[in-house]
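S.K.: Take the sequences, apply the hints, and build the full model.
Residues per chain are reported as follows:
2 protein chains.
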Amino acid sequence: MAYTLYYWPMLQGRGEFVRLALEDAGAAYRDIAREGDDGMGALTDWLDPSQDAQHPPALPFAPPFLVDGEIVVAQTANILAYLGPLLGLVPEAPAERLFVQTLQLTIADAVAEAHDTHHPIASGLYYEDQKDAARARAGDFIDSRMPKFLAYFERVLSRNPAGDKWLVGKTISYADLSLFQLVEGLSYAFPRGMTDAASRFPRVAALRTRVAARQRLRDYLASPRRLAFNEEGIFRRYPELDREPRADAGA
Amino acid sequence: MAYTLYYWPMLQGRGEFVRLALEDAGAAYRDIAREGDDGMGALTDWLDPSQDAQHPPALPFAPPFLVDGEIVVAQTANILAYLGPLLGLVPEAPAERLFVQTLQLTIADAVAEAHDTHHPIASGLYYEDQKDAARARAGDFIDSRMPKFLAYFERVLSRNPAGDKWLVGKTISYADLSLFQLVEGLSYAFPRGMTDAASRFPRVAALRTRVAARQRLRDYLASPRRLAFNEEGIFRRYPELDREPRADAGA
Chain H
1 MAYTLYYWPM LQGRGEFVRL ALEDAGAAYR DIAREGDDGM GALTDWLDPS
51 QDAQHPPALP FAPPFLVDGE IVVAQTANIL AYLGPLLGLV PEAPAERLFV
101 QTLQLTIADA VAEAHDTHHP IASGLYYEDQ KDAARARAGD FIDSRMPKFL
151 AYFERVLSRN PAGDKWLVGK TISYADLSLF QLVEGLSYAF PRGMTDAASR
201 FPRVAALRTR VAARQRLRDY LASPRRLAFN EEGIFRRYPE LDREPRADAG
251 A
Chain F
1 MAYTLYYWPM LQGRGEFVRL ALEDAGAAYR DIAREGDDGM GALTDWLDPS
51 QDAQHPPALP FAPPFLVDGE IVVAQTANIL AYLGPLLGLV PEAPAERLFV
101 QTLQLTIADA VAEAHDTHHP IASGLYYEDQ KDAARARAGD FIDSRMPKFL
151 AYFERVLSRN PAGDKWLVGK TISYADLSLF QLVEGLSYAF PRGMTDAASR
201 FPRVAALRTR VAARQRLRDY LASPRRLAFN EEGIFRRYPE LDREPRADAG
251 A
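Chains H and F supply the protein sequences, listed in that same order. Quick note on numbering: UniProt numbering labels position 181 of the first sequence as 181, and the sequence is numbered without any gaps. Quick note on numbering: UniProt numbering labels position 132 of the second sequence as 132, and the sequence is numbered without any gaps.
No lab work stands behind these hints: they were computed from the structure. Errors might be hidden in some of the hints.
Straight-line C-alpha distance at most 27 Å; calculated DSS-like pairs for lysine-lysine [what the hints assert, rightly or not]: (1) K165(F) / K131(F); (2) K131(F) / K148(H); (3) K148(H) / K165(H); (4) K170(H) / K148(H); (5) K131(F) / K131(H); (6) K131(F) / K148(F); (7) K148(H) / K131(H); (8) K148(F) / K131(H); (9) K148(F) / K165(F).
Quantities reported herein were computed from a predicted structural model and do not represent experimental measurements.
M.R.: Below is the structure:
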């Protein structure tokens, strides 16, 4: 039976982390809000208290959320924790599964911070109305936070006793797919900020290449199902927010 | 065997969500960085790449993290997902456990946004150097985001088929403890912003009272183990950031 993903239809956003897992596993799924107005209405009905009677009690706060028969699961990292065993995208050992989820939640933190570079004051206001604060926050992100996150994932890869191919154990997990997406997004949003990232974080860069070369993901990334990055999503290319890191930067 | 919690010793912070679960369950645990310099050194060693050789590969990005024998688990919500079954703080049904974690991650989002009201530009800079942006962000949080989160939890309580006593099912879960802490923190940081919260979100207010009345939590909250809220933590009382919601506010 197909999974049903509920996410905004015009952007990669947080939904993309779920799409990558479903696509890499070759799972059957509906991306319902991209099917048209009825699908979009099905999504917004979940967020409308006046429609609660038609839904089970496990209401989401926001997309993405996933419906699988009787199961409703929201929050990107939680959706992936649910799907991981079903899609073969986690190791078997409980301690390793916990670590995959630790990493996923750390990626989620990095994603939230990347978002806030263009919306540091309020997600409900226009970017144009918070541009000065955005420039300050983006500068700190480039100098301090982004290298701190990337250095952490580099360190985790270097410490994996099974080798530095994947983050945890000897097979790919959903956290590897999500790290690929994080680096893709950062490279889109901050081409200057990421200038020397591949040489500073070579294991992370190699993982990105390795993920992109997987057959099903190559097909997906070349397909119309893969939306392009754009300035509606989390990772936005605003040239005024991008610059090279300061010489003394780096966590 | 006792759990070992690693968290900063001078603030409630994210560690408090873990402490509340351990305390409510009456679990034996060490709050290691509060034991003195050696404990604090044990914490900072985990964050120091030059000390990696003494640690297993499941490195945390930041506190809090928990060590339980061979298990290392980081990220607040992930620590609670691990502890939940061990402490009897989750329902039995898998679908309900998923929903508890959905709620916990939504609380985590609210916590991150509460933090960013005083640090909208950079967590590494002083509050004093980002006060104007903080005032703008706090205003949006009070008018828009805080009521949106509280309305969601109110709605979840009202929709629980087992009654509106707890968020999921008929027994307390770690998400209930965390919602208590969120409301405590918001009430500390924004007494004016929360002025009419108890009447607008009565089920959330009742849950807060219900949690505070639990015997082991009462003992904990009155003990020196419970740190006071202060201006080093997530929830800070800066009067200049607090005001009543605008008349037309509310999500």
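S.K.: Each hint needs a verdict: does it hold in this structure or not?
M.R.: Evaluated hints:
1. K165(F) / K131(F): 39 Å, violated
2. K131(F) / K148(H): 25 Å, holds
3. K148(H) / K165(H): At roughly 20 Å apart (the allowed maximum being 27 Å), K165(H) and K148(H) satisfy the hint.
4. K170(H) / K148(H): This hinted pair holds, its Cα atoms lying about 25 Å apart.
5. K131(F) / K131(H): Distance ~16 Å between K131(F) and K131(H) Cα, so the pair holds.
6. K131(F) / K148(F): 24 Å, holds
7. K148(H) / K131(H): 24 Å, holds
8. K148(F) / K131(H): 25 Å, holds
9. K148(F) / K165(F): Between K148(F) and K165(F) the Cα gap is close to 20 Å, so the pair holds against 27 Å.
Hint check: a violation occurs at hint 1 only; the rest are consistent with the structure.
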